[in-house]
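If you're matching them up, the sequences are chains X, H, P and Z in order.
Mapping to our numbering: the first sequence position 45 is 484, numbers consecutive.
Mapping to our numbering: the second sequence position 145 is 584, numbers consecutive.
Mapping to our numbering: the third sequence position 7 is 446, numbers consecutive.
Mapping to our numbering: the fourth sequence position 109 is 548, numbers consecutive.
Simulated from the structure, these hints should not be mistaken for laboratory data.
Hints are not guaranteed to be accurate.
For identical chains, the list gives no copy identity; a pair is met inside one copy or between any two copies.
[To be verified] SDA-like, lysine to any residue: derived pairs with alpha carbons at most 20 Å apart:
{"no.": "1", "residue 1": "Lys-643", "residue 2": "Thr-667"}
{"no.": "2", "residue 1": "Lys-447", "residue 2": "Gln-509"}
{"no.": "3", "residue 1": "Lys-830", "residue 2": "Ala-736"}
{"no.": "4", "residue 1": "Lys-447", "residue 2": "Tyr-563"}
{"no.": "5", "residue 1": "Lys-447", "residue 2": "Tyr-512"}
{"no.": "6", "residue 1": "Lys-834", "residue 2": "Tyr-659"}
{"no.": "7", "residue 1": "Lys-643", "residue 2": "Val-792"}
{"no.": "8", "residue 1": "Lys-830", "residue 2": "Glu-818"}
Keep in mind that this is a model prediction, so the values were computed, not measured.
4 protein chains.
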Amino acid sequence: MSATNKHKILNDPIYGFITIPSPLIFDLLEHSYFQRLRRISQLGLTYLVYPGAYHTRFHHALGAMHLAMQAIYSLRQKEVAISEEEQEAVAAAILLHDIGHGPFSHALENEMVPGISHETLSEYFMAHLNEEFQGRLSLALQIFRDEYPRRFLHQLISSQLDVDRLDYLRRDCFYTGVSEGQVNAERLITMLHVAQDQIVVDAKGIYSVEKFLVARRLMYWQVYLHKTVLSAEYLLLQILRRAREVYQPTMAMPSALRPFISGQLPPERQELIEHYARLDDADFMAGIKEWEQHEDALLSNLCQRLLHRRLLGVQRLASRPSKARLEELVQQTALHLGLSSEEARYLVFVQAVSNNAYDPRKDRIHLLYRDGKLIDIAEAADQLNISALSKPVTKFFLFAPKAVLPQRRT
Amino acid sequence: MSATNKHKILNDPIYGFITIPSPLIFDLLEHSYFQRLRRISQLGLTYLVYPGAYHTRFHHALGAMHLAMQAIYSLRQKEVAISEEEQEAVAAAILLHDIGHGPFSHALENEMVPGISHETLSEYFMAHLNEEFQGRLSLALQIFRDEYPRRFLHQLISSQLDVDRLDYLRRDCFYTGVSEGQVNAERLITMLHVAQDQIVVDAKGIYSVEKFLVARRLMYWQVYLHKTVLSAEYLLLQILRRAREVYQPTMAMPSALRPFISGQLPPERQELIEHYARLDDADFMAGIKEWEQHEDALLSNLCQRLLHRRLLGVQRLASRPSKARLEELVQQTALHLGLSSEEARYLVFVQAVSNNAYDPRKDRIHLLYRDGKLIDIAEAADQLNISALSKPVTKFFLFAPKAVLPQRRT
Amino acid sequence: MSATNKHKILNDPIYGFITIPSPLIFDLLEHSYFQRLRRISQLGLTYLVYPGAYHTRFHHALGAMHLAMQAIYSLRQKEVAISEEEQEAVAAAILLHDIGHGPFSHALENEMVPGISHETLSEYFMAHLNEEFQGRLSLALQIFRDEYPRRFLHQLISSQLDVDRLDYLRRDCFYTGVSEGQVNAERLITMLHVAQDQIVVDAKGIYSVEKFLVARRLMYWQVYLHKTVLSAEYLLLQILRRAREVYQPTMAMPSALRPFISGQLPPERQELIEHYARLDDADFMAGIKEWEQHEDALLSNLCQRLLHRRLLGVQRLASRPSKARLEELVQQTALHLGLSSEEARYLVFVQAVSNNAYDPRKDRIHLLYRDGKLIDIAEAADQLNISALSKPVTKFFLFAPKAVLPQRRT
Amino acid sequence: MSATNKHKILNDPIYGFITIPSPLIFDLLEHSYFQRLRRISQLGLTYLVYPGAYHTRFHHALGAMHLAMQAIYSLRQKEVAISEEEQEAVAAAILLHDIGHGPFSHALENEMVPGISHETLSEYFMAHLNEEFQGRLSLALQIFRDEYPRRFLHQLISSQLDVDRLDYLRRDCFYTGVSEGQVNAERLITMLHVAQDQIVVDAKGIYSVEKFLVARRLMYWQVYLHKTVLSAEYLLLQILRRAREVYQPTMAMPSALRPFISGQLPPERQELIEHYARLDDADFMAGIKEWEQHEDALLSNLCQRLLHRRLLGVQRLASRPSKARLEELVQQTALHLGLSSEEARYLVFVQAVSNNAYDPRKDRIHLLYRDGKLIDIAEAADQLNISALSKPVTKFFLFAPKAVLPQRRT
């Protein structure tokens, strides 16, 4: 992309081409903060299970922006007035919605900067960029924060049927090869409409929405919460925790990573952002490679497991296991690996994961009928199963070294 | 395909290539009875709504056979013993399972030969071919009729998760472009297993089965029972009925069609088959084109509607409309078109259509767990929505000329 | 499609959705003349070789219109001014460009109405529709006939890189499953530009054009001129010729077909069009089914071959075979089938077929360089092979019954 | 993948599923040496141009193995005898054929370990693994080195039409979205045969081979030798060179990278391999991130360019530019960036790149005719353009900072 050619077209294996809609968007794309997303994988360590899943936040952000532009084009066809300024603001807001993600995306998301979520970090970045771009992102920020009066624009980028979800389902399905998750994002977009200042769906799109919700549910259980993916990602988290625990200034690691391990992060927002903007997957991975040789046997063990794919075993359970059962596994692990009980707990733990495909307590997905009535998808005739999908499903996973955890399938 | 090259490979836009597994199967393919299926559309008049849906029974039969061969290959990998004879018999049985279909497949299926279903006709054809092939189809017939002791072979070609359904969903979705219906047939097949002489699914395939059932449900409401498709196909049925009613020996129509209109079908099974084997979509369409000019105003009106796509209007209703409402529409139609009330009833009628995605009263789909247990998919943990999908959904459709039926959407 | 909803969207398995751009276009679509194209197969009898290839002229015309609308959208982005009237005229012109096709498209194209090509018939139809639509198609006709001053609009619908070719290659490849022919029509369209009142291609599209030309060449030899497809289609032609030769008023056939066999076509253009508009694949197929029983042994033999896929054998030859060789085959055939030599010549014949992927003697495909220069694709640097592709390739095919023609492969 | 489940199936977005053919292959896959390939990108820095292209050597090796297994299955169907041992050896050989690749694959391939190519390194790895696996890879090594008497097995994994090329074209095309490069790998494989101990192609596959060669040519010019990709990859090379030049023991970098920068590589083969096996993309990227802050202005400038995508400008030239022209650019660059002339030469340079789609001086691709004759594809009738494709095409690229190199397109 050259500075003289600001209506650039990018190749995308999913949508074919993505057009950059304006010079401002082009300049955001070229910014170091955004280029960093090329080095942040979209799905953390999912590639250890689905070897095609190396795509990045950069690509997802572009894809979601593309869908947002398509949605605006389609809404305008239906005579929903959207100004050029609003369009550019939506493009900027969706492009930057994930800019606060750190190494391996969700795998570490609330741990990298303790106490600050990636959404908050995204806002910091946007606020800072807004200054750098002399206020040209103000409208984007308003929309992002849902402070803009035309609230449907916020819903387009953040709701239960937004371009973010449409792109990530489509993209994650494409790269993992899990065809169960396929949604026809372009088709759904042509069915969107605006009523009562909300994004709604034409009533004839009822089955497309059902398909979308079921696809999302299946992607959760087959990919995002796949037991081996969880096993890899909790390992990453344990590495982060242990590295912080045994931290010494002499400990080898990339400079960009150090403040996030030592805990010496600057309190000032702008400085924090600058540190954060230097950090990506490569630093964390390079750190793990250093620590594979670390003298702390536990840290070294955790790093070796990750690098050479000797992941913890996993059992799916109907309910939370007893304390006694857990303690027994901890003792076996300690014995087996020559660790203290305290240390062994890094390798033996339980996680409850929960998902519901449609959450009526959040915003709702409404169908628009010909007479102008709006009906919640879960209440529309014939949608018994969507109302079934609204109930959260919780599963328990027990993790421990395979040597102590007999393997079972499913 | 030449007689000297009996391991022929055919191009298929869906699976890439389909290999003919044996010379017997090749000879069945080449038989006139089977070649006739090239002129029987798979989805009746669905092409009036989905302009890509011209695929034929010939193509579906080949595709289902291909999937059956893949399933056998995969089962053998899992050490399910299946002999060469059984494999060929399965290939023949699935290839011929729809050979009794007549013009426009389901659209006219129980009307073409009054009192004899297409399944029964398929059996007649198979029995006759078995004689012609000197008993080499006996095993195929046994499997088809579920009289063979190893019942899983029958289930493979006829059950709620059989290669017939897998192929037609995949194929109909491909040709209509209704991506909601996409199933990954090849993936599901690798998950099949045999336990207790039944076709079962590996427990880890739980979400793939869910996806399959939801896809099937969506294809029913978006394609097979789409209101405009129904409108076209009921028109076809009314044409058949009216043509029979006004039949005269001088009435123009193709020779192959005549006995099915005049009612002068031979009582003897073999002769009936021979007549039937000459009949295809082209005859019926050519008949309709003759009758467009017929002196009976009603028949002519019906034919014109079909040929030039002036279909009846449709309203979807929550419940059956009152007799009075219907009668009023009949009178308006009679007045509007200069027909008697009797005649107008050909253009004004109600149909109830019903579907459930999974029918536990028929055979069940069982998941196979690692400990050998079989669990009905609707009862497996976390499958609330499949149990919701087991309840039948019924919809009422009211058909009448658009001039008397105000248009509403959905 | 209802008359009240004239911005209809249609499903297309290839492009996803096709939007009808204006009420006039909607009305053209609904016209009986255009609806007839639903019963004209795009690729004649190609389905006897590629069982998925049942798509129709209706579908191709829609697809080509869709691509034309995409091209106009893209050209406008590049600041090529195109008025609303021009856009609608292009849509109408491309939609109707093939409306003169008769049964089985190219297979019979210059024989159905002796002496009048399908292009001329298309023009007759368009002229007649223009009257019916009170002159609203005048601009479309001008563009179609290349009489409109802005000639690039004609090129868009008729040249060596037009939306007609882009759609048919993409579509025929999709339905046959011959992946060698795949072109990325949407991508090529984004690369089109206008210079010196011509459609040209951005220089960076050089390899996309190369790919398009190679794909077209491969589709010719693997599909359009596939020897078995030719064998089926020449059979169709022989049936037409023989039926005309033995015609008697008592001969059974659909009414719509009769004047085209008897030769009693009205000389007046408007009447001719009306006859022609009633004719489609179903009539011809129904005729063949009648003639299977015809007393003329030759006609009956030809029809049986087609219906039951007992096609003539084919040999590809490096040069035209000698008269003696041909005569010998004629005699053997006559003997074998109990025909006169005269009759046997219907079953033994030679055809030369010829194709070049790029024909620089017709219009040329120009690349547009940044400095504004236009260069013929065959002369652009690095395109030795395109210049090789400009030379016509001719092949000879010898057809005869398999009983007298020993089978060879390739 | 668990140790107890050695017939594992992996998801692949391209082929659907990849089955691990034997426990030995499973153990190779699990080996640290092979797992390292998960961190080696297949296409170096191509993702800076095609944002989807993050796939890895791990994935390509699996895909090529899958195709090899398919080829063996297909050849056995054609009665080519291949033993179980040979099959496993082919699987191992193709799986390991790229194991010697280092960070960013081809971008740095002959520079990482000066004087030793990645092919030689692959052999070292294989020899070492053979010891570790007690000689069970001996046959694989023989085939890899083309020392096994049945030479077609070597050709299957290494020739101008091998499973390596088939997989990488298919895969690189999939991930970049450059549809011009699409080849139907599975189809080509069904057309392979063995004659005179060579891999040959059935004569009817002539157009598929043509398509394959053209696709490969287009992928070279649109992806592998895309000017911006080259610009990024030469930058990487310059970084490596400069880092070595300014190396000091205090220089920050990951431990795994250090010996490759300091030049202190162990001379002993086994030790070398162990160092090399620790190195991957993450180390190199983490090094670049350290050096962004390095005191050497040139090194820092090079690293910043890469990290924030401020790549060098590129001009494509018809011939090598004059020394004077180059010198002028060097001086301008030195002045502009405050560098010495010596240093500026890292930013201003010319590269000639060359490619021919088919190289008849290497091994040849032969077509097998029905009479048993073998004909070189370039000499087969009708393949003028393949013979055109045999001529090498050379292009010159001039690289320099955009500030001194005026931008032109194409």
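Hints, one by one, checked against the model:
no., hint, in the structure
1, Lys-643 / Thr-667, "between (39 Å within a copy, 13 Å between copies)"
2, Lys-447 / Gln-509, "both (17 Å within a copy, 18 Å between copies)"
3, Lys-830 / Ala-736, "neither (43 Å within a copy, 57 Å between copies)"
4, Lys-447 / Tyr-563, "neither (28 Å within a copy, 45 Å between copies)"
5, Lys-447 / Tyr-512, "both (18 Å within a copy, 16 Å between copies)"
6, Lys-834 / Tyr-659, "within (12 Å within a copy, 32 Å between copies)"
7, Lys-643 / Val-792, "between (34 Å within a copy, 18 Å between copies)"
8, Lys-830 / Glu-818, "both (14 Å within a copy, 16 Å between copies)"
The structure is inconsistent with the numbered hints 3 and 4, although it conforms to all the rest.
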